[in-house]
Amino acid sequence: MSGAAIGIGSARASVKRSRRTQSVLIHAILIAGGIIVMIPLAWMLSTSLKPPHQITKFPPIWIPDPFVWSNYIRAVTIFPVSFLVFIKNSMYMSLMITLGTVLSNAVVAFAFARLSFRGSRVLFIIVLSTMMLPQQVTMIPLFILFSKFGWINTYNPLIVPHFFANAYFVFLLRQFYTTIPRELDDAARIDGCGVIGLFLRILLPLSKPALGITAIFAFTWAWNEFLGPLIYLSRMETYPLAIALSFLRAAHGVLWSELMVVSFIAMLPPVLLFFVAQKHYIQGIVITGVKG
Amino acid sequence: MPVLLPVLLFVLALPSLQFVFGRQNQDMSAELQSSQTPWSRLLSSTAWSRRTLRQKEELIAYLLVSPWVIGFLAFILGPMLTSLGLSFTETDLFTLEFVGIENYTKLLSFDTTRTLFWTTLYNTAYYVFLSIPLTISVGFFIAMLLNQNISGQPTYRVVYYLPAVIPGIATSLLWLWLFQPEFGLINWALSLVGIEGPRWLFDRSTAKMALVLMSVWGAGSNMLIFLAGLQGIPTELYEAATIDGAGIWRRFRSITIPMISPTLFFVVVTQIIWSSQVFTNVYVMTEGKGGPANATLMMVLYLYQVAFRQYRMGYASAYAWVFFLILLVFTLILFRSSKAWVYYETEIGGQRS
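Chains as they are written, first to last, in this note's numbering: chain A, 1 to 292; chain B, 293 to 645.
Don't read these hints as lab results, they were simulated from the structure. All values derive from a computational prediction rather than experimental measurement. Backbone N, C-alpha and C fix where the C-beta goes; we use that ideal spot for every residue, glycine too. Incorrect hints may have been included.
[Said to hold, decoys possible] Label-pair ranges, simulated between beta-carbon atoms:
1. A/Ser18 to B/Gln445: 39 to 49 Å
2. B/Leu373 to A/Thr56: 45 to 55 Å
3. B/Gly392 to A/Leu272: 52 to 62 Å
4. B/Pro550 to A/Pro59: 45 to 55 Å
5. B/Pro550 to A/Pro181: 13 to 23 Å
6. A/Ser18 to B/Ser546: 19 to 29 Å
7. B/Lys631 to A/Gly150: 41 to 51 Å
Put together the whole structure using the sequences plus the hints.
This is how it looks when you write it as structure tokens:
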């Protein structure tokens with residue numbers, strides 16, 4: 001009796017011990033990887049604060065001596081147009097694109113995930129196939145079209161298409177919707193919920209994490225958008241941050257401190273957004289909805 | 293330009309279409325709400341009104357997908373067909389001349405002094421087929437580690453995902469600096485282990501590899517999608533399997549792999565499409581040239597040069613179509629193969645009566 005109890009006890013202890021070594025190992029791998037990920041960013045910050053003669057030191061100096069905070073002022077005043085204009089442009093474009101993306105895709109994905117209508121399969125296959133479509137194949141006619149509209153040097157060509165859903169997000173949201181149990185739909189239907197009610201009261205609240213991902217992805221991609229603005233915007237006062245930076249690179253290719261300063265500023269909005277919102281959208285899908 | 297007319301008409305018709313659809317949508321929802329009164333619920337139990345309800349639902353479904361349908365016609369199908377039309381012409385926005393299949397024969401000619409197509413195809417394929425296995429396996433590996441209920445998971449998640457949210461322009465400038473042959477951090481790190489670093493972006497034999505290495509830094513976005521997928525697997529499955537005596541490996545193979553396979557499929561397909569469109573990095577790091585000696589001239593960069601630097605819109609359209617068809621073939625192969633390895637809980641289309 002007691003021997004068996006001791007046996008179980010030591011088996012438990014060894015399981016616990018192997019758990020601990022396993023988690024130590026996982027932490028070790030993750031920390032090592034994390035350091036590799038963070039080093040370039042630390043290097044970016046370090047470079048942004050260096051006096052000129054320390055930039056080209058080899059082996060490199062990690063801590064600038066002294067910290068040259070004036071690099072930041074010089075970097076943002078190097079442009080002929082106020083730096084704030086670029087930030088304002090990027091913000092406007094990103095927020096509008098995010099709005100359009102979330103609104104249109106939440107609705108379209110719902111129809112594909114939950115409603116049965118003739119041609120839905122064919123239509124969904126078309127949706128998927130447009131995801132395979134490189135935007136480059138439509139780029140030239142759209143450029144010609146939008147230039148006929150007089151939309152060159154405006155943000156319309158970059159924003160308006162996002163209000164008409166996008167295959168990637170339709171697919172993403174539909175995948176999330178389909179993991180929400182259909183039993184919930186049936187229960188809601190029995191309780192007298194209509195299609196719109198089902199969408200607004202059941203699926204939308206349960207898919208907050210997925211909508212959060214959509215919004216964050218949409219904002220981040222819009223903020224980081226490069227090819228579109230490069231094609232449509234040619235006046236400096238219309239540039240978003242990304243394009244302004246690429247011209248800084250072309251004009252002052254070796255001003256490493258300044259380039260690192262503006263790169264750091266450009267990455268702040270998506271990075272801060274990610275820090276603030278990451279808890280909400282990572283939680284995953286609420287499958288437990290069926291239990292509660 | 294006559295080819296553009298249908299597209300023009302469509303986009304011009306957009307506001308009115310939107311107005312009509314918007315109106316109807318409101319009406320429908322009002323009707324639907326009224327159908328929720330006890331009286332109509334009674335009515336709906338008869339076979340006749342159930343049928344109309346289903347028809348109503350179908351109409352609502354069409355209205356809900358209409359934004360996508362309109363967008364598809366105006367911003368995808370219309371322009372695509374126009375692009376196909378343009379590919380048989382030579383046009384620079386102001387003049388238009390029909391040239392038949394000349395663009396294609398020139399583009400796909402095996403005489404490499406006449407076309408850069410094969411160079412760009414090779415460069416892009418090199419980049420795609422090296423960076424995708426790397427970013428996917430790194431992303432999945434980290435997601436698996438993070439999913440082990442370890443402490444500090446949120447912190448790790450933030451750290452690993454961070455590079456993926458950084459704008460391509462900032463990443464490009466940063467890596468340009470890291471790859472700098474004389475004072476760059478990477479060659480310094482190599483020198484610590486006694487390796488003399490190559491000239492990376494300034495050497496045609498290492499320039500593409502530099503871009504691949506850089507892409508692995510952004511593997512965090514895959515990690516996040518995998519992690520969401522892994523966390524979506526009901527823990528009941530694992531519990532039941534453990535009770536049945538399944539070990540770690542068995543649980544991984546019989547639960548994790550099938551349950552994650554739709555996510556994996558999604559990631560593979562989207563990654564192939566996105567990474568083949570690599571542009572920002574190359575544009576910024578090579579000052580829009582794709583050098584040295586065209587070693588990093590990717591397909592989209594070349595397309596951009598031809599269309600928006602040289603204004604050869606017809607030739608560029610032909611190029612875009614060839615690019616599209618290549619991607620299409622790849623994706624179709626993937627989709628065909630997916631039946632063998634992707635496990636879906638609910639069928640595509642979600643048909644259930």
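Against the structure, the hints:
no.: 1; hint: A/Ser18 to B/Gln445: 39 to 49 Å; verdict: violated (20 Å)
no.: 2; hint: B/Leu373 to A/Thr56: 45 to 55 Å; verdict: holds (54 Å)
no.: 3; hint: B/Gly392 to A/Leu272: 52 to 62 Å; verdict: holds (54 Å)
no.: 4; hint: B/Pro550 to A/Pro59: 45 to 55 Å; verdict: holds (50 Å)
no.: 5; hint: B/Pro550 to A/Pro181: 13 to 23 Å; verdict: holds (19 Å)
no.: 6; hint: A/Ser18 to B/Ser546: 19 to 29 Å; verdict: holds (22 Å)
no.: 7; hint: B/Lys631 to A/Gly150: 41 to 51 Å; verdict: holds (48 Å)
Hint violations for this structure: number 1 only, all remaining hints satisfied.
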